[in-house]
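Peer 1: Given next are the chains, with one letter for each unit.
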Amino acid sequence: MAKTLVFLEHHEGAVSKGALGVLAKAAGLGESAGVLVGSDVRSIAEGVGGTVWVADDARLGAPLPQPRVDVLAKLVRDEGYDTVLFAQSVLAADVAAGLAARLEAGINWGLVDFDGTQGRASQLGDTVVVDVGWSSPVRIGVFRAGALDAGEGGGAPDVRDAPVDLEDFSTSAEMVEQAHAEQQGPSIEDADVIVAGGRGLGEPEKFALAEELAQALGGAVAATRAVVDAGWYPYSAQVGQTGKTVSPKLYVALGISGAIQHKVGMQGSGTIVAINKDPNAPIFEFSDLGVVGDLHEIVPKLTELVRARRS
Amino acid sequence: MGADRAVLVNDAALEGADLLATSKALAGVLEQEGADLVLFGQQSADGGGACLWAAVADRLRQPVVSQVSELAVDGSSLTGKRQTEFGYDTIRAPLPAVVAVADSINTPRYPSLKGIMGAKKKPQETVAPPAAAESATTVLALSPPPPRGEARKIEDGGSAAEQIVEFLAEKRLV
Chain A
1 MAKTLVFLEH HEGAVSKGAL GVLAKAAGLG ESAGVLVGSD VRSIAEGVGG
51 TVWVADDARL GAPLPQPRVD VLAKLVRDEG YDTVLFAQSV LAADVAAGLA
101 ARLEAGINWG LVDFDGTQGR ASQLGDTVVV DVGWSSPVRI GVFRAGALDA
151 GEGGGAPDVR DAPVDLEDFS TSAEMVEQAH AEQQGPSIED ADVIVAGGRG
201 LGEPEKFALA EELAQALGGA VAATRAVVDA GWYPYSAQVG QTGKTVSPKL
251 YVALGISGAI QHKVGMQGSG TIVAINKDPN APIFEFSDLG VVGDLHEIVP
301 KLTELVRARR S
Chain B
1 MGADRAVLVN DAALEGADLL ATSKALAGVL EQEGADLVLF GQQSADGGGA
51 CLWAAVADRL RQPVVSQVSE LAVDGSSLTG KRQTEFGYDT IRAPLPAVVA
101 VADSINTPRY PSLKGIMGAK KKPQETVAPP AAAESATTVL ALSPPPPRGE
151 ARKIEDGGSA AEQIVEFLAE KRLV
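Quick mapping for you: the protein sequence lines, in order, are chains A and B. Once you know that position 25 of the first sequence is 25 in our numbering, the rest is easy, because the numbers rise by one and skip nothing. Once you know that position 13 of the second sequence is 13 in our numbering, the rest is easy, because the numbers rise by one and skip nothing.
If we strip away everything but chain B, and leave its shape as in the complex, we get (with noise of 0.2 Å):
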């Protein structure tokens, strides 16, 4: 996708880490890197915390804006478009920031096959974190979620509308 380099960080010792743990290996790695900018995604898709670039900028000591759905980044600074649960806040930062961009700030592009060619060529680092890093929550217990109720999922093949009407009425909702 355009990257010149990558960075794995990768140690048993990070197995199972927390937030917590995550942000200080991460931040010892970018520490080391000295990068102007750091960019998070949304957020993961099983943990989903969705917060832990700001345990990263707060221990980069850099600033950090979050939910940015439009970026743009001159020699010194960025200004960011984010947004809340209120509308939208134009933010600007001076770099070395971090940033955590909202999926909607662009559509990836299919790699082209010269960019898979490439990429196999950039250099690919594994790296362990720089400080121990230690979980501080703990799991104590898994259990199932309360049930739904009973899901039904139907192909469409024609009386599609007939039948949601069906299981709306069923439910007294029509």
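So here's chain A without its partners, still in its complex pose (with noise of 0.2 Å):
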């Protein structure tokens, strides 16, 4: 049976939702614990349920990664837990990958299931699933994201305290200032329709197309990393690996290529429209409907009769 750890990830006080899933996942297979890791967290413990380690010190105050490898790497050894869980995200999958090699355990990722000694995965860009396996004593498993429903808070929690020992090396990096936007008008993490813009919107005024469509869809606007970047759209409207995770029931990718970095954040979109000028573009091999064409000019129209049909 397998003896699990979690990694807790935490955002302004709250446990984020993919790993409270994959807690839920865990508490299935047997004896399983999370760990909390931060600079006063021991709050956010409450309301988790089951067996909580926070390691709680100022020097954990930032979210990097290589001193939760530390703490991670630690309780493994002291306490012998043979599966340790992550839900995918930024600070997650350096975490995991730092502590696989310290520990010379497999790592395996994507995953989509668990059953305590083998996992489901989708690989290669979503053109396979594979049954992994781990052959080293420690397994190492990052879910994708959204995998997993968040379980029922477990009540008042058995809360322990993770010993904090932190090597030279993982604390050399320090955070000089954190930026983090505002969320402007309504989650698009909640809307049933999404239009998404990219460099294919030629330049910023060309957002414009995309919102205009998406009001006359009744929907929000997403963007790409590539023009959030480069300042052309508000962070809080980022779909992708870095950025949100989104299923609406309809996508509409407006000058999208479709890096596998974007495709991770709406691949679980329900009807997923392309309109690309591209013909090779890698999003027209997860769209319902590729269209090849030029936006400026469809995108308009498209805008119109969508109105009109609605009017």
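In case anyone wonders, no lab produced these hints; they're calculated from the structure. Treat each hint with caution, since some may be false.
[Claimed, not checked] Cβ-to-Cβ under 8 Å is the rule here; a few derived chain A residues that face chain B:
id : residue
1  : ALA105
2  : VAL112
3  : ASP131
4  : VAL132
5  : GLU174
Every residue gets a Cβ at the ideal spot worked out from N, C-alpha and C, and that includes glycine.
Could you fit the two chains together into a complex? Lean on the hints.
Peer 2: As structure tokens, this is what we get:
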């Protein structure tokens, strides 16, 4: 029977939904515990339920991966955990891979399921489902974002102090500044329809095309990382690996090539319509309707037609 | 593109190497190289784990900064601006260090003819990893993904907007 430790990533005083989903999964597999790492994080453990290790230390305040590797590695060694599970995120991936090297433990990612000894993962850009195993004494697994539903809160947790014993190199990187954008407008995570724009829009002003179509369809506007980094659209609208994961009923992609780091944020959408002038754009490989053409001609017409239909 | 030297880590024993084994092979060679700064790209197009750098950094016992979209390096330290799910972080780390850049860090220029000719004269070396690296994960079975339903692709011949609306109406999305 697996003895599982789950990394509980937290932000603004709450454990991430993804991590709670993994914790619920682990609870069904045998002995399990969560581990919360940070500064002044004890109160976050309330309501998580089950056993929660808390590593609370001022040096752990910034969300940097390497001190977290130190904490998790010590817990695994001291307490004999044979499985460590994560919910995919920028931080979690770095912690998981660092821990794998530290413990010489095999790591599988993209997991959608795990039975205690074997996992199931979607790989190679979702072209194949792989049943994966581990040959090391400790297994490390990273679940895909949104793969699991968060369980019910388990009431009062059994909180235990995790020892904090940090390596010099783990604490040599320092957070200088964190600029976390305020949410602007309704969250795209809740929208039924999303119209997303990428570099193919050509210039920032052309986001108006996406906004008008979104308005006609009763949806929200999203953006790719490339245009957010270029300052064309606010970060709160970014979909992808380092942005939001969305699953609307309809996702309309305008001038988006469909790079893997965008795909992972929107592949759960019900229906995907893509307009791109490049017939070889990867987005066509996972679109339900792919339109090869000039979005600057098609989208204004499309917006008119949708408006006419709805009025 | 401007590199002075290329090192290819190639060994029959690395066939099918998983992340753990790859990190060990790379770290072994990097240790011999003694680089001040190790740069990784966004992620591979196949496995796409987007975390190999963290395993390599742990083996090298060096700081790691990932998803970096702006990078400045001075004599003894680096400052990277990176993106996470919540916004932008600016992180400073002493050298030597491992950095993974995001693909938004720049748009690679096309190599010039002069550059291509120059690259042919640059030393290229093939090395085997200094220590055996064994994979710790196994592939048990492969199966096709659940079908996405029938996908359609059209070329705009002037009526694409109408065809999109018809498609959305069929799916009861408009």
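Peer 1: Against this structure, judge whether each hint is valid.
Peer 2: Now the hints, each set against the structure:
Checking A:ALA105 against chain B: minimum C-beta separation of about 6 Å stays under 8 Å; hint holds. Here the hint on A:VAL112 is broken, as its CB sits about 11 Å from the closest CB of chain B, past 8 Å. A distance limit of 8 Å between C-beta atoms decides the matter here; for A:ASP131 the minimum to chain B is near 4 Å, and the interface restraint holds. Given the 8 Å rule on beta carbons, the hint for A:VAL132 holds: about 6 Å separates it from the nearest Cβ of chain B.
The closest approach between the C-beta of A:GLU174 and any C-beta of chain B is roughly 5 Å, which is under the 8 Å cut-off, so the hint is satisfied.
Against the hints set out earlier in the document, a violation occurs for number 2 only.
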